[in-house]
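**Student:** Take these sequences, add in the hints, and give me the full structure.
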Amino acid sequence: MMPIITLTTDWNKNDFYTGALKGKILSHYREVQIIDITHQIKSFNIPEAAFVVRNTYPHFPEDTVHIIAVKSETSSKNPPILVKKEEQYFLAADNGIFGLIFQENPDQIIQIDKTSSIPTFPTLDIYAEAARKIISGVSPEKLGEEKRDFNKRIPLRPTIDESVIIGRVVYIDSYANAITNISADLFYRVGNKRKFQIFVQSNTNKINKISKTYNENPEGELLALFNSLNLLEVAMNGGNAAQILALDTDSTVRVRFY
Amino acid sequence: MMPIITLTTDWNKNDFYTGALKGKILSHYREVQIIDITHQIKSFNIPEAAFVVRNTYPHFPEDTVHIIAVKSETSSKNPPILVKKEEQYFLAADNGIFGLIFQENPDQIIQIDKTSSIPTFPTLDIYAEAARKIISGVSPEKLGEEKRDFNKRIPLRPTIDESVIIGRVVYIDSYANAITNISADLFYRVGNKRKFQIFVQSNTNKINKISKTYNENPEGELLALFNSLNLLEVAMNGGNAAQILALDTDSTVRVRFY
Amino acid sequence: MMPIITLTTDWNKNDFYTGALKGKILSHYREVQIIDITHQIKSFNIPEAAFVVRNTYPHFPEDTVHIIAVKSETSSKNPPILVKKEEQYFLAADNGIFGLIFQENPDQIIQIDKTSSIPTFPTLDIYAEAARKIISGVSPEKLGEEKRDFNKRIPLRPTIDESVIIGRVVYIDSYANAITNISADLFYRVGNKRKFQIFVQSNTNKINKISKTYNENPEGELLALFNSLNLLEVAMNGGNAAQILALDTDSTVRVRFY
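Chains as they are written, first to last, in this note's numbering: chain A, 1 to 258; chain B, 1 to 258; chain C, 1 to 258.
Everything labelled a hint here was simulated from the structure, so no lab data went into it.
We treat Cβ as the ideally placed atom computed from N, Cα and C, and that holds for glycine.
Just to be clear, a hint being listed does not mean it is correct.
Said to hold, decoys possible - Partial list, derived from the structure: chain A residues whose beta carbon lies under 8 angstroms from chain B:
| no. | residue |
| --- | --- |
| 1 | Ile4 |
| 2 | Ile35 |
| 3 | Asp173 |
| 4 | Tyr175 |
| 5 | Asn227 |
| 6 | Gly239 |
| 7 | Phe257 |
| 8 | Tyr258 |
Claimed, not checked - Using 27 angstroms as the maximum straight-line C-alpha spacing, the simulated DSSO-like pairs for lysine-lysine come out as follows:
| no. | chain 1 | residue 1 | chain 2 | residue 2 |
| --- | --- | --- | --- | --- |
| 9 | A | Lys42 | A | Lys13 |
| 10 | C | Lys114 | C | Lys147 |
| 11 | A | Lys13 | C | Lys212 |
| 12 | A | Lys13 | C | Lys42 |
| 13 | A | Lys209 | B | Lys114 |
| 14 | B | Lys13 | A | Lys212 |
| 15 | A | Lys85 | A | Lys133 |
| 16 | B | Lys212 | C | Lys13 |
**Tutor:** Structural data, given as structure tokens:
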């Protein structure tokens, strides 16, 4: 059975870093599925990397090893760690990303022992080596010392009062659709069947219905729907909402019920 | 023997869509070759996607499954379909793309039964699931109902009179070479050994010979050749023809014989 | 054991060239690891391609076949060749790239016999076919005639006098770090424990210490370190040095010892 190793990095150019890492993995173990999740995370953008990993890993089978090389330089405050969750393995610097990926505590956290590390390219030796051990069946405890917790960043959650939800854009996808942090659950719980208006960034961009699909709307019309992640998404049929409205991650999306 | 699944999408950012889809495929079946054809089709650009698929699939072996996720949202008018041709399988929304990929009728067309589909991300459940069944040896008829035909878009063909061919640029490649829809066959049949001038977009950009290779010309000189697809291509040795002449898909290329 | 074929190309768009090549390889041999090193070499940029191959191949295992499709059009002066070095195989046009990849002579050079080649897409038939033969165990001599040497380009080396090293930027990485051709060895040999100043492009951008890591410096501060390749790299913690200082490959970096 072929082991699986995924890569999520901000090496946008498909830099020689990618090639070196893949070569190192294959020189340990030839029959491995190396899966490029993406190399196009914005440089050092931990929330974006967390969003991508959080929404892809649940589709992978048990024993998959995910290498996340975004802000991966290690230090005594941000040591390299291995996290085990739902029978999958995650390797990254302990830079706060894990608090954004997981809502609940993982099964195991190991601070990886440093061996002979190139400080400027930790992914190559620390993570590739750790990945090799895991897919060879070495048990996590052999890689270093158990830790109780990882560093946490607080994920941005929407603010709520009786009739208003104020959320934020957390991801812009390939079609310039803007995905927010407002879940369908939250929306329907606060809304409680009332009418609503969704204000995108300013008061002039209004939406007052939730669509089921993109293409039930005319091309170029602003629309909102709950997407495959069950998150409120501001979009246009035919693309380009974020560009036309100048939305970026962190733009405000406000829902007012009445 | 490893089954092969290819991906052609407009998820330009290598969005989390790509990772989710790959994970889903691998969780069904680990020993599969997942081949990225490209994720850089322009958003919703069906002719470009068709061009890429038409010119890559003939190189793949029998039983390859091609997933084409460009304008893949389905509807009752554009249901998800499976097309079998030359012992290969193609999965896409019935949005007109197949008429641009194939000149001749396929061997089989199946309208895929919808199961529990996420309407905003059909590729993930409908196509990944259909691909899984095909590589597991399920016969196409088991996936849905047979259809007689797919939706057709008429491919743009050159217009011809006795001494003029008016064609169009159909693809700009990585070197900014402009590939037209004028085939070598058509060119030599209409030309019948006469002299010719090729006008690229305007009357000022003229070419009056067909080169065999790029590098038989000085760098930066406009040239025309029949490329590996046997299509007339306007190029420069050293690249950049399309940028310098502001060519895009749909720009006109006119051949006048005299 | 799965054979490995890597691809380094300037087909930036993940053009249909990539798909055709992968299909052709797989139709010969399904159980192969096709590894994308990068498709984002700048068009025709041989030094950049050489830099990437030189710094990735040593991580790959024996018998890996590397296809390098950058300026790959062949001619009688630049025939397609196979180079064997350290039990690995390299396929490219003999366009000078090998002199930049290898410091020492390779073990074997074969000029590949042309068969029925598409002159405008040599990678597809010449290299894919040669790769197929190598991974099938055909010995290199069967692919063509042995050659004594390949075409050479002289790599740019730093100029040195008693107290000054003048080097150049040879690669800009994904974080806009500028990697120079000044090695740690050279630096410490010429410097001989003296103090120094590093001038980046102009006399106003000065650095007077060597850092061990990026993040020991405040964000946005210009720094220099010896990277994982043991080359002097001008960087900023948090990225962007090359953009802010308008550095590109060939920009000058001068070290003055005193």
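**Student:** Now, for every hint given, state plainly whether the structure supports it.
**Tutor:** Consistency of the hints with the structure:
no., hint, verdict
1, Ile4, "holds (6 angstroms)"
2, Ile35, "holds (5 angstroms)"
3, Asp173, "holds (5 angstroms)"
4, Tyr175, "holds (6 angstroms)"
5, Asn227, "holds (5 angstroms)"
6, Gly239, "holds (5 angstroms)"
7, Phe257, "violated (23 angstroms)"
8, Tyr258, "violated (27 angstroms)"
9, Lys42/A <-> Lys13/A, "holds (11 angstroms)"
10, Lys114/C <-> Lys147/C, "holds (15 angstroms)"
11, Lys13/A <-> Lys212/C, "holds (24 angstroms)"
12, Lys13/A <-> Lys42/C, "holds (10 angstroms)"
13, Lys209/A <-> Lys114/B, "holds (26 angstroms)"
14, Lys13/B <-> Lys212/A, "holds (24 angstroms)"
15, Lys85/A <-> Lys133/A, "holds (17 angstroms)"
16, Lys212/B <-> Lys13/C, "holds (24 angstroms)"
In the structure shown, a violation is registered for the earlier hints numbered 7 and 8, in ascending order.
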